[in-house]
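A.B. asks: Residues per chain, in single letters:
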Amino acid sequence: MLVSVPVSISEAQSPQPRWNAASECVCGKVEVEDLSLFYGTFQALRNVSISIPECAVLALIGPSGCGKSSFLRCINRLNDLIPGARTTGRVLLDGKNVYDPDVDAFLLRKRVGMVFQQPNPFPKSIFENVAYGPRIHGVKNKSELADIVERSLRRAALWDEVKDDVYKPALALSGGQQQRLCIARALAVEPEILLMDEPCSALDPISTGRIEELICSLKEDYTIVIVTHNMQQASRISDYTGFFLMGELIEFGESAQIFTRPKDKRTEDYVTGRFG
Amino acid sequence: MISRNQTEKLAFATVALASLVVVLPALVIIGFLAAKGAFAISWSFLTQMPKNGMREGGIMPAIVGTLYLVAGTLVFAVPLGVFAAIYLAEYAPQSTLRRIVRLSIVNLAGVPSVVYGLFGYGLFVVTLHFGKSILAGSLTLAFLILPVVIAASEEAVRSVPKSFREGSLALGATRWQTIWRVVLPNAAGGIITGVVIGVGRAAGETAPIMFTAAAFFLPKLPSSPLSDCMALPYHLYVVASEMFDAPLSMQWGTALTLLMLVTAMNLVAALIRARFRRAKCW
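Sequences listed follow chains A and B, in order.
Read left to right, the first sequence gives residues 1 to 276 (the working numbering).
Read left to right, the second sequence gives residues 1 to 282 (the working numbering).
Treat the hints as calculated values from the structure; they're not laboratory data.
We treat Cβ as the ideally placed atom computed from N, Cα and C, and that holds for glycine.
You may find that some hints are simply not true.
[Unchecked claim] Facing chain A, according to a computed beta carbon distance under 8 Å, are these residues of chain B, among others:
| hint | residue |
| --- | --- |
| 1 | 166 |
| 2 | 167 |
| 3 | 170 |
| 4 | 186 |
[Unchecked claim] Pairs of lysine-lysine residues, derived as BS3-like cross-links and limited to a Cα-Cα distance of at most 25 Å, are as follows:
| hint | chain 1 | residue 1 | chain 2 | residue 2 |
| --- | --- | --- | --- | --- |
| 5 | A | 168 | B | 162 |
| 6 | A | 140 | A | 96 |
| 7 | B | 162 | A | 110 |
| 8 | A | 142 | A | 96 |
| 9 | A | 140 | A | 29 |
Construct all of the structure, not just a fragment, from the sequences and the given hints.
C.D. replies: Here is the structure:
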């Protein structure tokens, strides 16, 4: 089956193309080349190639079980922990293959943050949740930690709601607040990329709206890849969209194009809701 | 014909009766011991050395000896058991080997305690030259309760939600950092429960210590981990079956003291568990 060639970023109006002086080519923040993923004998991803542009939102859509989440977990190598999982192909982060043997997966995950489908704050206080990341990376100074916590909570648009009570249990927060706390927790280790695996699927529409606003503001500083089942959400917040089907990337392009003039019949069927 | 309503009542009566039958012996034993032993227990009974060949005086050295043995058992069994449980739950690959290890641990739990006693005697007392000592007894008891500690700890570690682990790893934590800072604090309640069940058993066992640690009659306190010591269960065994002229009050008093000691340990553990639960802020 044909894998559509990624739309070169230079065709895009915005963001501005970024030139990589070393290779004289236009490169995304993450370049995925011919990536396949196997769980034992089951092939979850088939020769996926995609260029993830920097400081933009890439939405991944597709039916359940099509490999979107698996793809996300290849970028921060969270699949490493699953017995029997193995990958072929390359995932280049700033030109460096994250699967090279000299790459430390733990340091990689510091650069590539992740937010999960179900809000998963630790059963600790709000403060301890956000401070967890900096602490494990060696920050001990109390005032420095407090600074990081405040900055991260502000950036995740949660500070005003919790500033008087950062020592209360994180699990006492509402679902939407918990998810913003998880975003704050991810931001606290200063990642470059944020992977979001259906971050709003467990939330009500109001909380979803707040997270979407937040994503739009975060893309100024972070490269965001978001998996979503909500087509409106994908078209609202993303700059680029990739459509996955049965482990293959069927089509990738600017969101406006994917949702209005899809090139592939299967993409069209899916985004117009005619998909089985 | 029995109506659905009658079936409902019958079912409820049956399960209630079964529960009562379970509760009853416990209440009878405790009540009987309390009634018979309460008169024997006094401050001097708890704090004095035995006199006149254990026919008079107190049981202080046996209480102290049991406390030492329990403490020693904890020192060996908790780290060993918890680390083994972590290995099984977190690091060991899904393999036949691990299943065999797990099965052996479960089967170890079924080995009679007197066998542990002989094993401890052969290994610690004789081969390693620890002699009949608190050290040898503690090690033997630690092996006795390891299966319980490991099984409970592994279950507790396993029941920590995967989402906590992933949340930690996704922030760049190593597996050990994740285990140490996220998994263990959340598994602590279950681990403590397992440890307490084990320690309660260790405190009350006679067979494993009679060859490895316990002295028949020793009217002084142990001076080092290599001294032997008196212990409550062995003392009870001695005054109840080896000495025909020991006063009954000595036996009841010792039995009640042992029961209170174990109950006190369970209470302390319940308090610790409650504190952990609060700290978790679920």
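A.B. asks: Each of the hints needs a verdict: does it hold here or not?
C.D. replies: Cross-check of the supplied hints:
With its C-beta approaching chain A no nearer than about 7 Å, residue 166 (chain B) sits inside the 8 Å limit, and its interface hint holds. At its closest, the beta carbon of residue 167 (chain B) sits 4 Å from a beta carbon of chain A; the interface hint therefore holds under the 8 Å criterion. Of the supplied interface hints, the one on residue 170 (chain B) holds, with its beta-carbon coming within about 4 Å of a beta-carbon of chain A, less than 8 Å. At its closest, the beta carbon of residue 186 (chain B) sits 7 Å from a beta carbon of chain A; the interface hint therefore holds under the 8 Å criterion.
For a cut-off of 25 Å, the pair hint linking residue 168 (chain A) to residue 162 (chain B) stands: about 23 Å separates their Cα positions. Pair hint residue 140 (chain A) plus residue 96 (chain A) does not hold up; C-alpha atoms about 31 Å apart against a cutoff of 25 Å. For the proposed pair residue 162 (chain B) and residue 110 (chain A), the alpha carbon gap of about 19 Å is at most 25 Å, so the pair holds. Straight-line distance between C-alpha atoms of residue 142 (chain A) and residue 96 (chain A) comes to about 35 Å, which puts the hinted pair past the 25 Å bound.
Between residue 140 (chain A) and residue 29 (chain A) the alpha-carbon distance is near 31 Å, which puts this suggested pair outside the 25 Å criterion.
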